[in-house]
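In the order they appear, the protein sequences are chains A and B.
In terms of this note's numbering, the first sequence opens at residue 1 and continues consecutively.
In terms of this note's numbering, the second sequence opens at residue 534 and continues consecutively.
Hints listed in this document are in silico derivations from the structure and should not be mistaken for laboratory results.
Among these hints, one or two may not hold up.
Label pairs and their calculated CB-CB ranges [claimed, not checked]:
(1) B/Asp558 / A/Glu120: 16 to 22 angstroms
(2) A/Ala105 / B/Asn561: 22 to 28 angstroms
(3) A/Met513 / B/Gly566: 39 to 45 angstroms
Quick caveat: nothing in here was measured; it's all calculated off a predicted structure.
Even glycine gets a Cβ: it sits at the ideal position worked out from N, Cα and C.
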Amino acid sequence: MCVWPGKKVLYWRLTPTFGTTNNSEARNGRCEPKAHGARRMVLSAEFDHVSSSSKPTNEAWNLSRSEARKRADTYQRYHIETATTEDAWGIPRRFNVKVGKFGLAKLIFTEFFRYFGHWETVFSRPCTYGVFSGPVGGFSPRPDLCVGCLRCEVQHPDFVTVTPNGELRALGDKYLTFHHIYTIDQEAKMGTVPVRGQGYRGRFGGPGFDGMFTDMSEIVRPSRDGIHGRELIGTAVDIGAKPMHLEFDGEGNITNSPSTFNIQVPFIFDAPSTTLESDAVARIYAEAAEQVDTLAILPAKSIERLGLAGPNVVPIVTCSGCSVGPGTRMVELANWNLETYSHFKDQGYTVGVRLEMAGEWLSSLLEMQDCGVTVFHLLADHHGRSGDGRFLIETLKEAHMALVEKGVRDEVTLLGSGGIAGADNLPKGIISGLDAVGLDHVLLVAIQARLSGDMQNRDAVTVQLPKNLDPVWAVQRLVNLSCSWRDQMLEILGAMGVREVRRLRGEFGRSMMCNELEAEAFGDIEGFPGGGQ
Amino acid sequence: MAFSPGEVKFPTKKLFEKTTHLMQDGMNARAFGDFPKPEALGDARWTDDLILATWFMAETGEIPENFNYMTGDSDGGFDRLRFKFLEEENWLAHGEHLDTRLNLNRRDDGRHQLTPDLPIYGGGMSYGSVSVNVMMSRARNSKKWNSYMSTGEGGYPEELYQYKENIITQVATGYFGVEERSIKASPIIEFKYAQGAKPGLGGHLLAAKSGGEVAKLRGSVPFVSLFSPFPFHSTYSVEDHMKHIDWVQTINPEALIAVKVSTPHDVDMVAVGSYYAGAHIIHLDGSYGGTGAAPEIAKKNIAMPIELAIPKVHKFLIKEGVRENVTLIASGGVRTADDVAKVIALGADGVVFGTSDLVAMGCTRCANCEGGPSGRGCPWGLTTTDIELQEWVQPDWGEKRLDNFYIAVQWRLRDIMRKLGLSHISELRGRTDLLRYVEGSEQ
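With the rest of the complex left out, here is chain B (with noise of 0.2 angstroms):
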């Protein structure tokens, strides 16, 4: 049955002035503990400091002081792992000579070299799990950033074509809205082959976010269920995948392939089939990583974590003598700047920020984002395509917050570099010698 949008419709201005005159300004005084946390902020992954504390990075560009913004209470992997720093008068002098850039092309093709200011780019949201004006807050940033944002499997928008050298095109199993124009706009085109929040599974916009304009760029009609079936309906062994990859690479030449995977057992050799058949970036997307919308018991129970998964997946890599030949990414419940070192320290190159994103523009994680009882999406105008709630959140300030909160991230980064004596980001890499594991008290 079709889903009814019923009666929604545009906010007047003054609606929208007094909306996020109200939403933002709560925000910030939640931030800088003007209020106490709200009891029920919060879980074992992100806890009410941990989103209380991007919120302040997002509008600071600072780390705050009264909220722990380094790790979470999940009693197991990054919020376990610290950093074993030097003494104090060995440390560098924090300064932007501390260079976080990152190399995504390091095979020496003669394609795109493509180097973002941080080890970081932006996940896959979709046109649909998401509005227009969150993927174009995320898309200015990235701009701003030299980075890149993937479009997710839901089309290329027309207003993400002016920022199209920012813009990385999402190839998955339903194929919507690929076409060869932005295959052939895109500096990375990217394979999903399966999303860690529910690894095996395809995906599934709900009805309910599937609205004019998203149906149109899907090639669908409004309000009905879209599926991406699992996996690739043409690829059953890596020889497809290497013919995937020639289609893609005879649209546009020039273009990194990057492959995104989830964290089965055999991660190891999925990555190295992976680069074979003719990946630059290997992206690994771990069990707790977010989603739109999936089933519960599909989160956490099958596949790995992150932290998990880097170390065999890096080891593998460089026993097959291909590690330096490629770039490994890694995301799925990597939260902060220290879960990013760790990442880094654990065997990674960098990773990609989905959730991280949407907190620093308003998410407390209530776990809506697939319409909820409203049937409308995020309330906080995030996860959703509806007229009235996508306006909650405008370009300019989605961008603002992001561009402050990235700067908050690089800084506390260059701290954990300086504080371990390295001067270039990608010298951490596969340091497990610089971490230790904490348990009781010291957690």
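In isolation and in its complexed conformation, chain A is listed as follows (with noise of 0.2 angstroms):
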């Protein structure tokens, strides 16, 4: 796998991380962020003396024009720190390579005579990867060295034989496919981009978000600084509400300023499976998303037991007598319960409702944001499918277009979990509505844990996690994927002309629906669907 150059792509951190939020107890200093949010709270302190009706000019700040520019050249743009991790446990090799022994030896023996003297033509391989290049060449082939080049089946078909590796392929399901699996490993090793030769090998269109292509633009990029201008894109989200126009008192105050914070990249990490009680797993997800600055669901059992709770935490609560530790800036209702939200809302929290995408989900929806609910997360089950069958493009743009009729969908945040395979569906799940991705699948992926069972319904996969999980690994796996992921996310953004990814929630335009395109382009053929003579 090689390094794609978004890997070290970065922009300017200047909104202060908490400056926007309502949270009373974060403002009064109960966020206590760790290592890394430490960073940030020391450009949030700097802020904090500034009043909300000062200009933001450098007298405001007390600073001359020289320690401006030295202050703005300290600035951080957002950066993911990546690292190698070998796997725990291999995954299985993508070939298997079988050498008839006697069909090599019989070669090497023709090969002594009619290259007498030319030794290094009598033992040349056939391999740049090494697979011959043990101590005993072809008589003990290395497969996992392997990439199916096929050289070697070619050159010698009589006694070489290379096969795809069915303990590969029958990893995952038919939603998330070997293909993802292996990808996602080794995005979770290397961090980076995965990048390949040759085209596209699939299949034409295909169902779910294969059926998507986003939209590029010939000529216009995000910006005019950079190699590519990819460079200053924001993968910023706001999670909370913004009211849809300010209001001002006598004074002209702003009375009405966002209840907001914002998270670094458009995916959250969302509660393994019920079927995986492991402590380990939630700790990794904790630190992982301090580390990223997003946000790891978990449930606020664990979050208490292992003493979790920070500003990168949410816990799902089940009822008002639920504990919340210090730093939180967010939580979810498991299930929608008036009372149990007045007493998070009333506490100063975020409160998001986790809503299943089953039944009369949409009115539901719109009822608890009349009764002031202002984050929602929706789940579908983990190939992308409702209770009725449909997938999330479908759904999703059906709850943005609700909100957006309803005149509200500012005031609305949209996070939406199950179906997430491959990083390709991050902006595809944005453009088709949501505000922030959430990722569970994926996340044990990356650490390796091997799913079985029923992988569509939520709560009923068998995870198996690597034995001796080392959490400082897994903790990188699942820093390296981010950053693998949102690097992919500026690689369509750049290739939009989009700036930053809040620009792209539900903007349908940006896409292209496979089956439209084909009615539109062979819709006067015969026996197209639909059409033709």
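Hints are included, so try docking the two chains, each in its own frame, into the full complex.
Below is the structure:
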């Protein structure tokens, strides 16, 4: 796997992380970020003495021009620190290589005489990847190194066979395929954008997210700076409610400032399946979320028991009696309950509600919005399907448009989990209407958990974690995956000429649906469904 | 960190003989069916049958009987389209009277009148992404077919000047290797705005493949990654694009102008804008096209497949009343003679071949063009400038393989034409009424 330049692409962090939150306790210092967050708090603190009504001038900050310049030069761009993390247990190799020993011996014998004296020629091997470079060459091939170029099998069809490894192909299911699992593993190992030669190899269009293409522009790029213009693309998203318009008091002060906080990537870590009760995994998610500056959504009981509370951890609460630890910015209700909602809302928390997309979910969403809920976490099954079998693209669009229709879209944050299997699903989920995308199964794959059983239904999958799971290793795997997926997001945004991911939300015009394009292109061709002569 | 080329040396004569003999014999053994199809060969776009059929055609110049040489297994696009052939008694005779030539200049502006023998020319593959030997093979074959091949964005190696009448100089966003000398030498100048496999992302030659000669031609130092930005930093409008064209036309007033773009939603508008800016050839590169290196997320996910873009552009050019003044070329997933005919039936005038040329010379589409774990590039000697590996493809052999492949492609194109009752390939353009869409067991 090779490094694509986007790996080190960053953007200016100009927004104080907690500067716009309405959480009074957070403002009062209940947020005690750990190592990574501390750097952000310094910036935040620097802005604290500037009143919200002051103009953001150097004078207001008591800075000379040179000091201001110096300060500006110390701003840090958002950056995810990656490090190569080898597999804890090896993912099955891609190919098996078999060499007929008799055939090989015969070849060497023949060539010994044909090329006598030219030993380099006699012992040359048809592999540049080292499959036959072990101590006894082809007599003991090293299939782990095989990339499937097939030169050996073509050159020596009588005694070399390269076959796809069935063990690898058995991983996953029809949705989260072995291709996804292999790619996620590489991304979590390297933290880079997978780059390969040759073109696309799969089916034309396809179901689910495969049926959506993202748009691009031939001449527009997000900025005139940098090599590709993607260096300054923002991936931060706001969680919470923004007013649809500003209101002022008699003295001109804003009375309804946004009640949001932001995270630096448009994805969050959703709680693992309830079939996996692992304290280690909870710790890993929480730590990785903090390092990446996103959110880890975990059961409140686990958070309390393990002492994981903090600004990057979101407890799932079931009742108003649930305890929420220090530093918490947001909670999620496992189920809608007005009393529980009010309890946490009144304490100043951003309160989200987990909502399975089944039954009358959309009406419920709108009713809850009427009650003041500002964050909804929509849950599809792990194949991205709602209760009535529809895919995320359709259901998310429905939710987004219902809120637009109601004129409250910016007052609501839509999160969505289920059915995310690859990096391309991120922009497609956001185009479909999400503010941020929830990652679930892919996180387990990244830490090399083996998933089996019913992988579609929530809370039915069987999860086998690697033996002796090293938390430091696992955190780095999730950080690597986050970096890789963020960078891939930047590629898509760069191609579109979109400068920040927030502008992509619900931008259906930035996508093309394969079935619609086919109807347009093939509609007059005989035999095309719904068209033709 | 600079890439270290390691211990690689020019192959000895004996090693060259042994390796090329084994590789070429092995390809033939597979293509002639002496051994079973390799289990790990092929994918949905390029099935094992398509690859082996292409090897067979490249070896013999004939159509194979035992492989499906017409369609892949991608379950859409070209693979779901078939021709509505006439009853056999109405078929035309097969022969040279069936005209497959392509007119590249429809502007009647006194510039070169270029008519390759096939509605095909060679797509850009830069020096660096492929070796000089591969470029020479393609250049020689282009000369034989009165056709053209694009340099890609990597400069114009000195060896190619002997075939300058058949070489297209590509001007892309990094301007690598673009010189007034090469612009003056070329009958066609191609502006590459984007590439189908990685639209909107620019180019990237990995350090491992940017060896001494490659770097020199690109005006760089060896073994440093070279980025071609996206898009042209001087082009933000059709007016800017027109100034670009004006620049090369000042240097070479006779040259035709080709504009290569990918396939976004508004590709039809882009095409018309390019035409009005002065393009003779509008070249659409679809999202299923080849690449020497591209982020996996870009392939397929950004922009649309070529099958879906062609009718859109063709119809819009007609609506604008300029269709007869411009040549529409398509690429990006065009694999076979049948695909070529389908492209034309959907509304284009011709196609650009890229991956097909490489498959004809032995590519198995293993996707390690960018260097792979070895860092040396293609083990078949195609997409590499490694001093040993590139020797496995010699221009004489490569030229012959391509020539045979094109002979077979022309035969099949004529076969399709005669079964449709058409005597000139241009009569097929936009004839979607001669296509049918198949589903399920019909595929």
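> So the hint says 22 to 28 angstroms: do the beta-carbon atoms of A/Ala105 and B/Asn561 match that?
Replying inline: At 24 angstroms between Cβs, range holds.
> A/Met513 and B/Gly566, beta-carbon distance inside 39 to 45 angstroms?
Replying inline: 42 angstroms, holds
> Is it true that the C-beta distance of B/Asp558 to A/Glu120 lies inside 16 to 22 angstroms, as the hint says?
Replying inline: 21 angstroms, holds
Checked against the numbered hints listed earlier, the structure breaks none of them; every hint is satisfied.
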